[in-house]
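J.: Here the protein sequences come in this chain order: B and S. Residue numbers for the first sequence follow our numbering, so the first one is 369 and each next one is one higher. Residue numbers for the second sequence follow our numbering, so the first one is -5 and each next one is one higher.
These are computed hints drawn from the structure, not numbers from a lab. Nothing false has been slipped in among the hints.
Derived pair list, reagent style BS3-like, types lysine-lysine, alpha-carbon separation capped at 25 Å:
1) B:712 / B:877
2) S:348 / S:57
3) B:956 / S:128
4) B:956 / S:169
5) S:348 / S:90
A short, non-exhaustive set of chain B residues, derived as facing chain S with CB atoms under 7 Å:
6) 941
7) 967
8) 970
9) 1027
10) 1032
11) 1035
12) 1036
13) 1070
14) 1075
15) 1078
Partial chain S-side listing against chain B, Cβ under 8 Å, derived:
16) 118
17) 171
18) 196
19) 201
20) 204
Glycine residues also receive a C-beta, built at the ideal position from the N, C-alpha and C atoms.
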Amino acid sequence: MNCLLGPVAALLSLSLLCPATPAAAATPGTETSRSTFQSTQLQGDTRILHALNRFTFGPRPGDLEAVRSMGLDAWFESQLHPASLDLSDLNARLAQFPAMQLSTEDLLYRLPSNALLRQMTNRKLDAPQADLPYAIYTNQMERLQARREQQQQQNPSSASAPQEPVPPTTSAGSNGMGVDTATEQAENPTPMAKEPVPASGQDQMPGASPRGAPAPLPADASLLQSLVALSPQQRIAKLANMTQPDFDRFIQALRPQQRKALVADFTPEQKESVAALEGPERTVVEELIAQRLTRDIYSTAQLQEVMTDFWFNHFNVYLRKNEQMPYYLVSYERDTIRPLAMGKFEDLLEATAHSPAMLIYLDNATSIGPDSLAAQRAERAAWRNPGNQRKAPEGLNENYARELMELHTLGVNGGYTQADVTQVARILTGWTVDRPVRGGGFQFNPNRHEPGTKKVMGQKFKDHGELEGRELLHFLATRPATAQFLCHEMAVRFVADDPPQSLVDRMAKAYMASDGDIAQVLRTLFHSPEFWSTSVYRAKVKTPIEYVVSTVRASDAGVDNLRPVANALRQMGMPLYGCIPPTGYSWKSSDWVSTGSLVDRMNFALALAANRLPGIYADWAPQPQDEAPPSVRARSNEPIAREEARLESMLMPGGLSVSTRAALLQKFQQETASPQAISATSADNARAANAIERQDQLLAGLLLGSPDFQRR
Amino acid sequence: MPTSRRFFLRNGALALAGTTAIPSFLVRSVLGQTAVTPKRRLIVIFQRGAADGLNIVVPWREKNYYSMRPSIAIPQNQVLNLDGFFGLHPSLAAFKPLYDQGHLAVVHAVGSPDMTRSHFDAQDYMESGTPGVKSTRDGWLNRALQAEDLRCHCDHSQFRAVALGADVPLTLAGKVPAIALNNINNFTVGARGPAPSPAASAFEAMYAGSGDRIFHAAGEETFDAVQMLRAANPAQYAPAPGVEYPKSEFGNNMRQIAQLLKADLGVEAAFTDVAGWDTHQNQGGVNGQLANRLLDFSVSIAAFWRDMGDDAENITLVTMSEFGRTAHENGTGGTDHGHANVMFVLGGQIKGGKIYGRWPGLENHQLNQGRDLALTTDYRQVLGEILSNNLGATNLGLVFPGAEVTPNRFLRLT
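With the rest of the complex left out, here is chain B (with noise of 0.2 Å):
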């Protein structure tokens, strides 16, 4: 067995049989660390911290406070009713992002996709004539016509090594081929390249060199000089007025200092326009995900955006399925999932069903009925021109059908067969998105609708157009299977990798008499025991997302970039929106526990600390307030250990492993110079304060960094 199993598929498989031992080892100083049954359910702060780290993207310095003095069971209900938060500082934040807010249609107006553009170009559509929005058109439609003059110009044969071949980080901004064909249909090619991160202008992440990599020209600095002598309103009319070769060459060559001096009065709009001159989908992209992290990050609403997280991931949807994708996602998210992630799962199931953003992902939208008008007409039509090479339509499509009940509903193990998935497909069919190359939303097209009644799993659905699919999803979303199988992936989400089946059935049988209210169900597991026991207490390894805000979170951190959050997760192999399959993420610890991973999560939790990710600033230095609690003074006589305890209580309130932190003093005290010494014996005190400052930051990174921190 040693040999067939990697030594950690191996450690992972034993301590899924007896779980126990990493959460005893892992709560030193409470009364849960003198017994290890099964039966026994966590205590005091132990309780509030487990309840934090599994309804939360975690705790923040002060909330275990603050659930104290609240009471437990009163902060979960309020979770529960985010409408009752206060949410003016995250909304605050959240304004800096004004397109998140625009409809599909709105925000493809203001932010143009490259196949609305193409459409431009082939004169089907106008552009808008006012100065700005004309620009960013414009601007955006020559980079296009670049790309394409510059890949049919290029010579393979002169030379024994390519000339720069198209390098995967402007792919990655337009969808790896920059040409594809963007058509009235949602029959769209899908993109492939794998990063869905714009990467241009990105920060380095860490282990690569310390800052962002140097502009390759210097900066125009008379014209930065000239430029920010402008009010905000003629900057931006002068920048709109450049030509595009002029405008990419300034902006690209500003270092960050020098960007941030060009925009540094700029009202949001107006920073976002400038970032619409340099590409208009790359702003769409990078304000989604920056919305999405500024979420996790800072709302009191943190059930609310941990079952966001959740739904999407189930209903999951990929960025890059086509071009129109990141627009859709926008309304998919914020007017799909989030308003419904607390509600009824039939009200989510039929918004998901409904949306373009599924209906494009899982080719729904091209879906035809075999025997219905439109195909009769094709069928005629090519009979009739049977030279025409124009594609013809593609009939039926089991995608969407067969992940709704695989994916969204059933469950693999749900009972339903092929034939049942056909018939599914078939009731399906005329669900599709109307034009959405401009953004349209959901429509209805009865000449794509397969006629007759069909049957699923022994239930009949006579044929009334849209209705009948609105039966299925009611059918569907009521099911026994279902009900099992959606409370089974919520409790390996909050509860263990394996959790027990008397959870899950309590939540089903919930699920079953509230029509399916997903409220209801995680109060029902908030209220069970066996989510309190202290077998599942940091029995929960946390996925990249969780660990990334996590850590975030803990350091309280000011996050005025998104990017190196954002970079860290693709880099961990989590890019938000970045899951190409309809499976979404897993939730399970032995997806995620790997080599290169761990280098990464260490190397990320010592960049944060150490101030290295550019635009997130942490600061370590003792606040008044902050006093350490009389245990850990009571351990903590050597400054360095007192300095540890005090990091540790802010990062950590659940507190380090007596192993773990024993090596990490010990090592510490080993590697790095006395702190004593420096302060007794260094004349210059401002240099023994970065010295200090520094040894926090150190200490910070290890205690984010810690094998105990990798835990929830």
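Keeping the supplied structure of chain B fixed, place chain S upon it in accordance with the hints.
T.: Showing chain S alone in chain B's frame:
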């Protein structure tokens, strides 16, 4: 239990090498005595986006090829002729000598038998090795290593399975641990340097001291790997004289795979992918989009082959893409999602200089669903043969469940 490689590494040469500067040749020779240096290495390259096989290895004697592709066909006088019927796209000039020397084999009309035209389904199916089955969570190459383990209880290096990229691809995912590396120079904790940084040694002590079994083990593996990489210092291996890799992402990945192999880290399987094949529009003919991709592709692979020198003897490299593209060009100078495709197999043990597989023809009635190159060879037969030759795999049923990959169906590539 005999002394394991891990025991040796942690207490022997590399434990030492981590703190002092030992000449790399010494480390290499010590390693060579204990770690099982695999005889054969397998390099897998995935062309994501569905490469247009008909314009890569061109059936230039097919009349219908030219009538179906009026603007993108490769003219007969530009094709690099292989056997009087097929020829290489002119951008693949770097492949021609490898073919002529008998190292490079071509398999045509090959691919996954599943009819899906969805990129992600088809990639998943191809990578999992179970076309049509979505629930498979591990990849064919990982199962091949598992099968090897069933046969031989050998110790393996941390670097046994390596992917160049941000994450472990499905092809390599599974029970056998695999490492994903973006950049061999960045695979270190904290600051780079000849010795571990204070942060790295503190982390190592913390993970070693941790009672958390999962992270104790993962930490141990991680720091082993980091130390091995530091000691072996693959970055020191410059390309062989006269070998120049393109400065593209793919070229970089191939260069780094060569460095990992030269550093003798015990790599048995390496994976990388190359994107940008989804040519729906303006794909070009002799020049253009696809031509540029092919140039980068072939020059990088040929550079890798020359770079490996004598070691190329023990290397097999195989390329694949999720499906081919339509035989007809479409209305926008490109091609849409098709079916069968072409694979390249390059290796010291490969009987190259030959086109393998049954050619189904390109007449209209010979096309799959009237639109694509028909499939005559299941790609798993090709991989199965390579695996049985390369890893000595006998249990191909475990690697490709349900596919009946058996020696009597092999193409006799080896």
